[in-house]
Amino acid sequence: MSRPETRITRRFQALKEQGRSGFVTFLTAGDPDPDTAREILLGLPAAGADLIEIGVPFSDPMADGPAIQASSLRAIKAGMTLAKTLDAVRDFRETDDDTPIVLMGYYNPIYIYGVDAFLADAKAAGVDGLIVVDLPPEEEGELCLPAIEAGLNFIYLTAPTTDDERLPRVVKNASGFVYFVSITGITGTKSANIDDVSGHVGRIKKATDLPVAVGFGINTPDQAAEIAGVADAAVVGSALVKVITDNLDAAGRAGPGTVEKVLDLVGELAQGVRGA
Amino acid sequence: MNKPNTYRAGVDEDGHFGIYGGRYVAETLMPLILAVEEAWNEAKADDDFWAEFHYHMKHYVGRPSPLYLAGRLTEHLGGARIYFKRDELNHTGAHKINNTIGQILLARRMGKTRIIAETGAGQHGVATATVCALFGLPCIVYMGETDVERQAPNVFRMKLLGAEVRPVTSGTGTLKDAMNEALRDWVANVEETFYIIGTAAGPHPYPSMVRDFQCIIGNEVREQLPELEGEGRLPDSVVACLGGGSNAIGLFHPFLDDDGVRIIGVEAAGHGLDTDQHCASLTGGRPGVLHGNRTYLLQTEEGQILDGHSISAGLDYPGIGPEHSWLRDTGRVEYVSVTDTEALDAFQLCTKMEGIIPALEPSHALAHVAKIAPELPRDHIMVMNMCGRGDKDIFTVAKHLGVGVTEE
Ligand SMILES: Cc1ncc(COP(=O)(O)O)c(C=O)c1O
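Line by line, the protein sequences give chains A and B.
Per numbering that gives the first Met the number 0, residue 0 is the first one in the first sequence, and the count goes up by one each step.
Per numbering that gives the first Met the number 0, residue 0 is the first one in the second sequence, and the count goes up by one each step.
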C-alpha cells in the first residue's frame with residue numbers, strides 16, 4: 000500500500016533539510032480541563048513542538064504509568080470525549096495548518112465511535128496520524144489499513160522486545176514515522192539508556208526508511224538532547240503531564256500559571272533537542 | 000447467522016471466535032503473547048504435558064469431582080432431576096485450580112521463574128498462590144484496593160501461601176484495574192514472568208487455553224452421567240454462572256455439538272439490568288475491545304469501561320470471555336441473568352436443602368435452576384456446575400441477612 004503524504008511526512012522532510020531532529024510533545028486531550036488544555040495546545044508550536052501527539056482519554060490505559068493514567072481519568076471526569084478531541088484539533092487548525100497532529104490512544108473509543116466515521120471526521124478535522132497502542136500489526140485490518148485508505152498515517156510502536164525477525168512485520172504498513180518505545184515498561188516509569196536506544200534505532204533503520212521517533216523514557220532536556228542525537232525525533236509525555244499534576248489546586252483544578260509552566264518545559268526540552 | 004458445522008472448532012489461527020477474541024495488546028507484549036501461544040501449541044500436542052496435568056488433577060486437586068443428584072432439591076422444586084457437578088470440593092474450593100495447575104505447568108515448560116496474577120474475590124489469587132507454593136515459584140497477585148478490604152480472609156490466605164498481594168489503586172481499584180496492573184507488570188518484566196490469567200478471557204491464546212483446562216469439568220460429566228443414568232445418557236440441560244466465563248465454558252464446551260443439550264449461562268444482574276448496578280456484559284453490554292480481546296463489555300456511549308456490581312465479587316467483571324460472545328450471537332447458548340436477591344435466596348435454599356454451602360457465584364446458577372426446573376418434566380436431567388464453596392462468602396451473606404458475624 001502506498002504511504003499517505005501528510006503534514007507528518009512534510010515536517011520530517013523539512014527537519015531533514017534543516018539537519019536536525021524533531022521534538023514531539025504528548026499531552027492528554029482535555030487535561031485537566033478543556034479550556035486549559037486548549038491554551039496549552041495552541042501554545043505548543045511557538046514553544047518549540049515540531050509534532051504534537053494528543054492522547055485520547057481512556058478509562059483503562061494499559062500501557063501507561065500513573066501520571067498519564069491520572070491525566071486520562073481527569074480528562075474523562077472533565078467531560079472529554081473522542082468527539083471533543085476532534086473538535087480541539089479542528090479549533091487548532093484554524094490558526095495552524097502546518098504542525099502535524101497525531102492522536103494516540105486505545106482502540107475501544109474509536110471502535111465505539113465507528114471506524115469509518117472516525118477516520119472521515121479525523122481527516123476532516125486535520126488529524127495526520129494515529130497511534131493506537133492496542134492494535135498490533137496482527138490486527139491491522141481493524142484500523143491501520145482503513146486509515147491508510149483514508150489518507151492518515153498509522154504509526155506503529157516497536158519495543159525492545161520486537162526482535163529482528165518481527166520488525167519487518169511491524170513496519171510493513173507503517174507510515175509517517177516509527178515510534179520506538181525505549182523501555183520495557185509503561186510510560187513515565189524508567190529512563191531510557193542511550194546505548195540501548197542507539198542500538199535499537201539502528202536495527203529499526205535497517206528494516207525501514209521511515210523516520211524513527213523515540214519515547215516513553217525521556218524526562219529532561221539533557222535526555223531529550225541525547226536521544227535527539229541518535230533518533231529523528233524525541234517524544235516527551237509523562238514529564239509534561241506531571242507539570243499539570245504538580246500544579247493542580249486542592250480541588251483538583253488547574254492552578255495558576257499551569258499553561259506557562261507546561262510551555263516553559265516544552266521550550267527547554269525543544270532547546271535540548273535543537274542543540275543536539 | 001448461519002449455523003456453523005461445529006461449535007467446537009475452537010479458535011481460528013489469529014485467535015478469533017467469529018468477530019470476537021483476537022490479540023489487542025501493545026507491541027511490547029506481543030512477542031510474549033506469541034511465545035505463550037507457541038509454547039501452548041507444543042504443550043497441547045504433547046501427551047506428557049497432559050499426563051502431568053491429569054496427575055495433578057487426580058492426586059493434588061482431588062478429581063474427578065463427584066456428580067451428585069441433589070435429591071431433596073429436586074423433590075422440592077418438583078420438576079427436572081438436578082445434578083450438581085461438585086467442583087466446590089476441589090482443593091482450594093473452586094474450579095479455579097484446574098486452570099492454575101495447567102498454566103503453571105506451561106510456565107515451567109517455558110522456563111519462567113516469576114508468576115503474576117490478577118484477582119477479584121481472591122479465589123483465583125488463592126489458586127495461583129497455591130500452585131506457586133507447590134512448585135516453589137515467587138507469586139505476585141494484583142487485587143483492587145476495594146477487594147483487598149472486602150476479601151480480607153483470602154488476602155491472608157494468599158500471604159500464608161507465600162504470595163505478595165499488591166493492592167491496586169489505579170482506575171477504580173477493582174478487578175479490571177487489577178488486570179490492567181498485571182499487564183503493566185508483565186510489560187515491565189518480560190523475560191522471567193508468566194501471567195496466569197484467571198478466566199477464559201484476555202488476548203489469544205488465553206481464552207481457548209483456559210477453556211481447554213476447564214473442559215475437564217464437562218468431560219467428566221459426559222463420563223459420569225451414563226454411570227448414573229444409563230449408557231449414552233446426556234444431560235438435557237447444563238447451567239453455569241458467568242464471571243469471565245471459565246467454569247461455564249469448561250462445562251459447556253464438550254456439549255456444544257450435542258443438539259439435544261440445552262445450554263444456559265447465568266450472569267449477575269446485581270440490583271437489576273434496569274439499573275447501572277449489574278455485571279451482565281452479554282445481556283446488558285455491547286461489543287468492545289478491552290484486555291486484549293473483542294467481547295461484550297459494560298461501557299459508556301463513549302467507549303469508557305464501566306465498573307460492574309454484583310454481591311458476588313467473583314462475577315464482578317465488566318467483560319466476558321470472547322467465546323461466550325460468539326456463542327451468544329450464534330444463539331447456541333442462552334444467556335440469562337439473576338439478581339443479588341435471587342442469588343441470596345438460592346444460597347439459603349441450597350444450604351438448608353442439601354447441606355452444601357455454595358459460593359455466591361454458583362448461587363446465581365442455582366437461582367436460575369430454581370426458576371426453570373419446576374416447569375420441566377421429571378425425566379429432564381439438568382446439570383449445574385457447583386463451581387465453588389461458600390465459606391469465603393459467609394460474612395457477605397451475614398451482612399445482607401442482617402446477622403452479626405465477626406471474622407475473629
Ligand atoms: C467460585 C467461583 N465461581 C465463578 C467465578 C467466576 O469466574 P468464571 O466465570 O471464570 O468461572 C469465580 C471467580 O472468582 C469464583 O470464585
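No wet-lab data here; the hints were simulated from the structure.
Wrong hints could be hidden among the right ones.
[Claimed, not checked] Straight-line Cα separation of at most 30 Å, DSS-like style, residue types lysine-lysine; simulated pairs:
1. A:K189 to A:K204
2. B:K158 to A:K189
3. A:K76 to A:K204
4. A:K189 to B:K111
5. A:K260 to A:K241
Hinted pair K189 of chain A and K111 of chain B, Cα distance within 30 Å | Roughly 23 Å separates the two Cα atoms, so the pair holds.
Keeping to a limit of 30 Å between CA atoms, is the pair of K260 of chain A and K241 of chain A held or broken?
-> holds, 11 Å
Within a Cα-Cα threshold of 30 Å, do K76 of chain A and K204 of chain A meet the stated pairing?
-> Violated, at about 41 Å.
Hint consistency between K189 of chain A and K204 of chain A [alpha-carbon to alpha-carbon, up to 30 Å] = Within the cut-off at roughly 24 Å; holds.
Sort out whether K189 of chain A lies within 30 Å of K158 of chain B, counting only the CA atoms.
-> holds, 29 Å
When the structure is compared with the earlier hints, a violation turns up for hint 3 alone.
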